[in-house]
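Protein chains: 2
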Amino acid sequence: MDKKMISENGETTTADGSICGYDSLHQLLSANLKPELYQEVSRLLLGRNCGGSLEQIVLPESAKALSSKHDFDLQAVSFSADKEQMRMPRVVRVGLIQNSIAIPTTAPFSDQKRAIFDKLKPMIDAAGVAGVNILCLQEAWTMPFAFCTREKRWCEFAEPVDGESTKFLQEFARKYNMVIVSPILERDIDHGEVMWNTAVIIGNNGNIIGKHRKNHIPRVGDFNESTYYMEGDTGHPVFETVFGKIAVNICYGRHHPLNWLAFGLNGAEIVFNPSATVGGLSEPMWPIEARNAAIANSYFVGSINRVGTEVFPNPFTSGDEKPQHNDFGHFYGSSHFSAPDASCTPSLSRYKDGLMISDMDLNLCRQYKDKWGFRMTARYEVYADLLAKYIKPDFKPQVVSDPLLHKNSS
Amino acid sequence: MDKKMISENGETTTADGSICGYDSLHQLLSANLKPELYQEVSRLLLGRNCGGSLEQIVLPESAKALSSKHDFDLQAVSFSADKEQMRMPRVVRVGLIQNSIAIPTTAPFSDQKRAIFDKLKPMIDAAGVAGVNILCLQEAWTMPFAFCTREKRWCEFAEPVDGESTKFLQEFARKYNMVIVSPILERDIDHGEVMWNTAVIIGNNGNIIGKHRKNHIPRVGDFNESTYYMEGDTGHPVFETVFGKIAVNICYGRHHPLNWLAFGLNGAEIVFNPSATVGGLSEPMWPIEARNAAIANSYFVGSINRVGTEVFPNPFTSGDEKPQHNDFGHFYGSSHFSAPDASCTPSLSRYKDGLMISDMDLNLCRQYKDKWGFRMTARYEVYADLLAKYIKPDFKPQVVSDPLLHKNSS
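These protein sequence lines are chains X and S, in that order.
The first sequence runs 2 to 411 under my numbering.
The second sequence runs 2 to 411 under my numbering.
Take these hints with a grain of salt, some might be off.
Pairs count within a copy or across copies, as identical chains cannot be separated in the list.
[Said to hold, decoys possible] List of simulated lysine to any residue pairs, SDA-like, C-alpha gap at most 20 Å:
hint: 1; residue 1: Lys65; residue 2: Lys393
hint: 2; residue 1: Lys153; residue 2: Gln325
hint: 3; residue 1: Lys35; residue 2: Phe396
hint: 4; residue 1: Lys35; residue 2: Tyr23
hint: 5; residue 1: Lys84; residue 2: Lys323
hint: 6; residue 1: Lys370; residue 2: Asp83
hint: 7; residue 1: Lys353; residue 2: Gln171
Keep in mind the hints are simulated off the structure, nothing from the lab.
Being a predicted model, the structure only gives us computed values, none of them experimental.
Please work from the sequences and hints to get the whole structure.
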């Protein structure tokens, strides 16, 4: 009931101009176009794997039952790859969870956190019984995305890497033999109790493999995150798990092609992009950036955005000349996967919690490196040289001026 | 008549799985969705400028008459920007031309070239009378895209930078006070008569401002271009014209985010991407990469792809286990503009010649640099360091292995 209230607030208070009555772009198109037209539109919008040949994964009834009972969107589709002679297929089942918060932000913090844990439990169970090998949760999943408020009291949600949320997830990792990527607000006890926006990588035995801290911190609109934590100091680690090499590009890092590139240079086969972003700001970018990264770097990308509108107790302004208000706008969900061959899955709902599952043969990464040759033709030495020059204060851009310019512009 | 024959070949022989009877994705959607649904789909697919508020430019009748008489697609839409207090708007009218070849590839070379010149004349005139300030033609516009054949006789189409095609365009530049970007196959007389894939920048007074040579050369499918020319040696120049700072990312360079980045670091406000690419290979990537570059680098992008199917005299194979054949597949046109605010225009036809015109206030570039802060938050020093290490033979990727990995995978 609380969820419903929050969801309704989201749909009525958001100013993103969206119409109601549809769950996702692809649901809207499939419901309103003739099948042969939808197939052609899918070919153009989703690429080869989805152009009429999108293969649905058959999930166990127990997973579907959890989805029905707990009212979350559940989609499962498969990316194909060519058979090779010298390597066996390396098919991995990967899951993404998107969710709204569970109770109002006015509730006691420990209740809020516990309610999110309770809400996620059946979704993680569904991933587990569906045989998901690697599961990623959304950015700062243990809390509302309170950074818009600039209030420091929300820092109480921060945890050390081996804190409460990690312990909660370690049980699932062990139970289901599942790698879990857990993006949290981290408090670094050993370094003056500062905070970071961090993804904890939990191995399939429940062990902590490592962590990655968000590299690029936004200063845009209500994303006042630089009030709370600084640019990450963990580089661009790729985590070698039993199921493949994974990395995490947290939220705003998706706008930085160099960040995507670095995970690729370090050998990532799947890069997760746990995010929190709202319709009025970023929705037309959402299907572009992750997919471009998958193409350019020959890896899979799993994009996650939280859902719903989060209403805060005290009003705040947004640096946009508009009146003070109590919410951040509508987090539009729309989690999905992109592949190295430029294909992508349809998206989860813009409004509902959801679990997106895909099977992906990681051999597709090297197949597309070989096919398109982007690494081979990248001329990294040219760009190493350019960037080395660019970061110096006396950098001069390479500009060729029309010699007649001053004559013309007089 | 020859054009028609070529076009029909294209639609019947291409194996890209496309259906006929529509001109572009957006034309298909607008013709088959209710207006309010199309508006929402446009908001999601085209971004804020096109979400119901796409402003059509009123063109002079003389331009429309040329379009009707010579049967080319003509579209003209406007991007908006905020008014500033300290700068006047800097609205520039920019044009893109896409075209098929004019007569069969079996005709004498000089006839083929002349026929393309004759075909382009009314299209360039239309741009001129429509008041276009900067016009860009397609890649290697003076010739069929013969690199699939691996035959060296097509090298005869190469010209020096001040050759026949440049002289042809200089007249239009002077007549219409128009900057023209002319991508040709260049023969470098002063360096052993080698060839380059080059864009010549012709100033609005008919002067040659400079040239840029394609930085990244493909080795994929029928794109046997590395048989003909090498990676460019001109860096990432930005050309300062009376109408703004422009650059040219030629064709396959669009797959390289670093190439886009470099033009941005050098200060480009508009980057053209003259291309030649076919449906079976790249169509799902086409709306993604240029638009991502516009977002990530806070500049406008003009994307051009040639049109039609070009049938060559001698059969060739494509490195794909399929039988020999005489054509490259269907060049799907679909030229369009992308903007720093993540919006883009609908595309020109997949089948017809076309002229796409947009008005763009170049102030939008800095407005979006300020709004999103991508340059400010980019941490270039991190990537300069990473690339400097990466290009060394002994580079070791940053990999964190699960310590239990060998135990698990045994």
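Here's how the hints hold up against the structure:
With identical chains, the CA atoms of Lys65 and Lys393 are never at most 20 Å apart, being 56 Å at best within one copy and 50 Å at best between copies. Only within a single protomer do Lys153 and Gln325 lie at most 20 Å apart by alpha-carbon distance; the minimum there is 19 Å, versus 68 Å between protomers. In this homomeric assembly, Lys35 and Phe396 never come within 20 Å of each other (Cα to Cα): the closest approach is 56 Å inside a single copy and 53 Å across copies. Taking the closest pair of Cα atoms, Lys35 and Tyr23 come within 20 Å of each other both inside a single copy (17 Å) and across two copies (14 Å).
Taking the closest pair of Cα atoms, Lys84 and Lys323 come within 20 Å of each other only across two copies (17 Å); inside a single copy the shortest separation is 56 Å, beyond that limit. In this homomeric assembly, Lys370 and Asp83 come within 20 Å of each other (Cα to Cα) only inside a single copy, at 13 Å, whereas the closest approach across copies is 42 Å. Taking identical chains as interchangeable, the C-alpha atoms of Lys353 and Gln171 are never at most 20 Å apart, the minima being 26 Å within one chain and 58 Å between chains.
Going down the numbered hints, you'll see the structure goes against 1, 3, 7, while the others check out.
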